[in-house]
Amino acid sequence: MNHETESMNQGRRDFLGAAAGVSAAAVAPGVFLHTPVANAAPRTDPVTDMHRWGLLVDTSKCADGCTACVDACDSENGLNLQAKPHGQDELKWENQRAVWIRKVKLQDNLTGHVTNLPLMCQHCEHPPCVDVCPTGASFKRADGIVMVDRHTCIGCRYCMMACPYKARSFIHEQVDHKLTRAPRGKGCVESCNLCAHRLDNGDISTACAEACSAEGHQALIFGDLKDPMGPLRKALAKTPSRQIRQDLGLNTGVRYAGI
Amino acid sequence: MAEVMTKGVLLALLAAVLGVGSAAYAEEVGDFVLPSSKAAALENCVEPTEYMRRNHFELIRHQRDETVYGGIRGDSHGLSGCVACHVGYDDSGTPIEIDAEGQFCRSCHAYASVEMNCFDCHATVPRGEAWNHEVAAAHAHLTGSAAARPTAAER
Ligand code: SF4
Ligand code: SF4
Chain E
1 MNHETESMNQ
11 GRRDFLGAAA
21 GVSAAAVAPG
31 VFLHTPVANA
41 APRTDPVTDM
51 HRWGLLVDTS
61 KCADGCTACV
71 DACDSENGLN
81 LQAKPHGQDE
91 LKWENQRAVW
101 IRKVKLQDNL
111 TGHVTNLPLM
121 CQHCEHPPCV
131 DVCPTGASFK
141 RADGIVMVDR
151 HTCIGCRYCM
161 MACPYKARSF
171 IHEQVDHKLT
181 RAPRGKGCVE
191 SCNLCAHRLD
201 NGDISTACAE
211 ACSAEGHQAL
221 IFGDLKDPMG
231 PLRKALAKTP
241 SRQIRQDLGL
251 NTGVRYAGI
Chain H
1001 MAEVMTKGVL
1011 LALLAAVLGV
1021 GSAAYAEEVG
1031 DFVLPSSKAA
1041 ALENCVEPTE
1051 YMRRNHFELI
1061 RHQRDETVYG
1071 GIRGDSHGLS
1081 GCVACHVGYD
1091 DSGTPIEIDA
1101 EGQFCRSCHA
1111 YASVEMNCFD
1121 CHATVPRGEA
1131 WNHEVAAAHA
1141 HLTGSAAARP
1151 TAAER
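Listed in order, the protein sequences are those of chains E and H. Residues 1 to 259, numbered by my numbering, are exactly what the first sequence covers, in order. Residues 1001 to 1155, numbered by my numbering, are exactly what the second sequence covers, in order.
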């Protein structure tokens, strides 16, 4: 299998001039995704692979104890509306309720250095969750966003086992309160979709990155991995970054600096 | 301007034959549109009433795939549009769950004896509708969001 097909892993080809092709693609008519917010409009054409959405997490800027991104994600996607089933154990509920983004704290036992980082679906180019899904419900959109089509998900949770990042959650019980933009129901698996509803309405942002900036940390940068002049690629060009479990060759859309 | 026009077209599309304000469980088949809903004031649904009665789910299902796989959310044939227009309101102006006893979806499905499971997952009242440009503009001052920046092509 060729793991090196998308532009993010093709440093050499970029060098050889493929970048010119990328920017030419971005000039193609009908692509208004980068227009200023005031002119943003819901898309009328299906998403294409002209963009690949991703994030850069600068762990050195991620503050200990800050949960702005997690909270923003929770309210953006209605996760804060989940209710503990009557009589369920508190700890069990904390482990079971759906979360799309988690704060992870790592300590190097030798040096004692502590790293904080938010972990969400890494939007793999080669997603194991899609490989194992028996129904085709777990899929990758043309613009690189990995999601679950709940209409076909049978709740087998193979994808949860396959995901190396523990990014997915299962909804165990009937959900009483949900948002129009974030349907949710018993028996399906879900995970971060990079705020696809925002993108689809022409706003290039995610709740987490926005909240992080609002807190003044700027640890999360969202953008298009295929736009060499965009904020994400510019940040990536400046900072050394890695994929978590790079050895798996999944070519993740979410990259980390400082780990 | 484009925005005003889009709204106009949408309104025109939403015009309703359904809408002669009669209560749920009315005598005549199909008079399930609630007087308190937006739909009651419109002359026609997004398609002719007769067509909608028989085929609304074809439209919803088609739009569902367009939305999930293509990211097209603004179309008038989506389920959220049905809810936004057909949801009834109580005296205090609070929306009533559209799958509740006596409400639009439930009444007709009960009459036709057809199971309905959209609302196992989907919101039954309009709440937190998809991100739109008004909301986006309100957030535009926040840095870090790439939205306000022109693309490489435009610079
Ligand atoms: S991080 Fe997990 S859920 Fe996300 S695409 Fe990769 S395997 Fe799938
Ligand atoms: S839980 Fe749903 S999305 Fe995951 S593998 Fe099973 S059918 Fe596919």
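Hints in this document: simulated from the structure, not taken from any laboratory. Here the structure is a predicted model, which means the values were calculated and not measured. Treat the hints loosely; a few may be bogus.
As the list claims (entries may be wrong) - Label-pair restraints from in silico Cβ distances:
1) E:E90 x H:R1061: 53 to 63 Å
2) H:A1100 x E:V132: 19 to 29 Å
3) H:S1076 x E:H177: 17 to 27 Å
4) E:Q174 x H:P1048: 50 to 60 Å
5) E:D176 x H:D1091: 15 to 25 Å
6) H:E1101 x E:R242: 30 to 40 Å
Each residue gets a CB set at the ideal place from its N, CA and C atoms; glycine is no exception.
Outcome of the hint check:
1. E:E90 x H:R1061: 53 to 63 Å: 40 Å, violated
2. H:A1100 x E:V132: 19 to 29 Å: Violated: the Cβ-Cβ distance is about 39 Å, outside 19 to 29 Å.
3. H:S1076 x E:H177: 17 to 27 Å: Given about 26 Å between the Cβ atoms, the range holds.
4. E:Q174 x H:P1048: 50 to 60 Å: 36 Å, violated
5. E:D176 x H:D1091: 15 to 25 Å: Distance hint for D176 of chain E, D1091 of chain H holds at roughly 23 Å.
6. H:E1101 x E:R242: 30 to 40 Å: 56 Å, violated
Taken one by one, the earlier hints fail for this structure at numbers 1, 2, 4, 6, listed in ascending order.
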